[in-house]
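Read top to bottom, the protein sequences are chains F and G. Quick note on numbering: my numbering labels position 136 of the first sequence as 136, and the sequence is numbered without any gaps. Quick note on numbering: my numbering labels position 334 of the second sequence as 334, and the sequence is numbered without any gaps.
A portion of the hints provided could be inaccurate.
As the list claims (entries may be wrong) - Calculated pairs, EDC-like style, for lysine to aspartate or glutamate (alpha carbon to alpha carbon, straight line, at most 16 Å): (1) K197(G) <-> E112(F); (2) K418(G) <-> D160(F); (3) K422(G) <-> E84(F); (4) K418(G) <-> E112(F).
Don't read these hints as lab results, they were simulated from the structure. Note that the structure is a prediction, hence the values are computed from the model and not measured.
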Amino acid sequence: MKTNTIKIAAILLVSTALVAGCGKKKVEALPPAAQGTDYGQNATDPNAGTGQIIPGSQEDFLQQVGAFGDRILFETDRFNVDAEDQAVLQRQAQWLAQYPNTRAIVEGHADERGTRDYNLALGERRANSAKNYLTSIGVDASRIQTVSYGKERPSALGSDEQSWAQNRRAVTVTVR
Amino acid sequence: MSLFARNRKLASFLLFILGTQAAIAQTPPPAAPASDEPELVEFDTSKTRSIAVPALVAPAPADTAAGNSVALGRQIAEVISSDLRASGVFETQGPNGLRAITLPEVATPQFDYWKSRPVEQLVQGFVRVGGDGNLTVGCYLYDVGFGNETTRLGFNVPPREWRRAAHKCADAIYSRLTGELPFFDSRIAYIAESGPKNKRTKRLAIMDSDGANHRFITNGQSTALTPRFSPNYKSILYLSYVDGNPRIYVYDIDAGRQRLITQSTSPTFAPRWSPDGKTILYSMAVSGNTDVYKIAATGNGTPVKLTSSPGIDVGGSFSPDGRQIVFESDRSGSQQVYVMNADGSNQRRISFGSGRYATPEWSPRADLIAFTRIAGDFRVGTMRPDGSGERLLTDSWQDEAPTWAPNGRVIQFFRTAKGSGKTSIWQVDLTGSNERQLPTPVDGSDPAWGPVLP
């Protein structure tokens, strides 16, 4: 386990170096801010919709990390965490440090332009990249689970580069 | 001997037994092509052969659990005709538009009449309801030009399995006239899809090779993906998110129960059976790194890890003799196809064309490997097991995940529409001709073709 993590961290460093200088991957038109993220773990929060945000809730997380601060995006077939992603994950880690009784599920996704099995593997790799960075900056690994949805749950619905860029993502969903 | 007595003699000659979901007994199949044949038997699918299929005669009309035998005679002819037409090899006539034949004609065709239509081949037969309520279906193939009988088969089936008798008859005719092995009497597991692109309902479903006898297995509450029929059709391997995580289950069709193939906290996906059904091949991601594993299908025993590259090693398909496995890996930097021995040794890359290569599937005839090639669009193609002889069979925006017909002659795959994400199941001949969509009640993906039923 330890060895694997170290190996992956080493790969991440190399990959980061390799793609440094690649074009900006953030897209102009981001998807509407989803409540409870793509997969709505906390969609049934009893306080949802009352206008009152409970500290430590998923709503609170989304508010604190800012627009799209719950996700990092990836280049085609890539899974490295770049400086921009690190800033996003640092804000997530700060929130997680503030609420030590919360846990997080990192959902890894791929765009539709890949084969199904490979995309499941790729989504898992992306979710683990985010998890590994979060743990490297102090979040206890036992608090973070990963799940890959491959290409099964796109966030943007188009069949174009812009949509695909939004769908190659790792989204952090918090759980109390 | 009267014609009737002669026919009764023929009918008794065709005496067979069938249990439920068991073998349809029949006369020995026609000679198969030599197994060491290195190349495709390239019959020309662009040149179709004409074949007439009048309604089967019901000599003593009787009601059965599947309807009256007269109606069954027509329906069986419709299925035979439809199978042969769908193969792309035949131009069929009938049963609609053809005159009814009499029982004596079944054994003594009026060749002059059929020559004048004109037609090259003729299928005739009868349906008889036995005292036990089962059907005896006789199936005769005649060469109209030569004026002789070339194939004769009989099947004894429960009325509800009348379509299988039709498929067996069509298989015998197809084999006899093309030299290929049969494939119509087989089944397909796939994923039935519905709903919006970002919230697709995906249900495990099964159907006959022509889309009939469709049945949903799961209710769609949790996403199901990538099914594979076991070689004996008793169970189905597939991926389900039923506990929130992607895991492979083996679903027992008769019992309606499923179990995990291996207890693991890591995601498991891309399941495949070995040809003998004793081993399950799967992929598992541990700390983000996916490798290919195998485990005994009984659920006992320990998983064996077959790959260990830091890249994604995923999928896989056994060679028909079970000695080798073809799989995909991005260890070179992009998805490519590799072959290894079944114990994981001697891993070597075989795809070197432009673009990425994914979802390799070994042909049941051993001579070819089907794949998805990703170079802009996704196309389905084949190559030899050494990577040579690549050819692309389809040309669309996104064709993916080939699965072989049990005779290694036809490839099924699924097509995704750009934009809507709607999916459909298609099949194509090895030559790239006769591409056609399979009828499914809703959208369909991830087809997996099983073997010919016994």
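Each hint tested on the structure:
no.	hint	in the structure
1	K197(G) <-> E112(F)	holds, 10 Å
2	K418(G) <-> D160(F)	holds, 9 Å
3	K422(G) <-> E84(F)	violated, 34 Å
4	K418(G) <-> E112(F)	holds, 10 Å
Comparing the model with each numbered hint stated earlier shows that hint 3 is the single one that does not hold.
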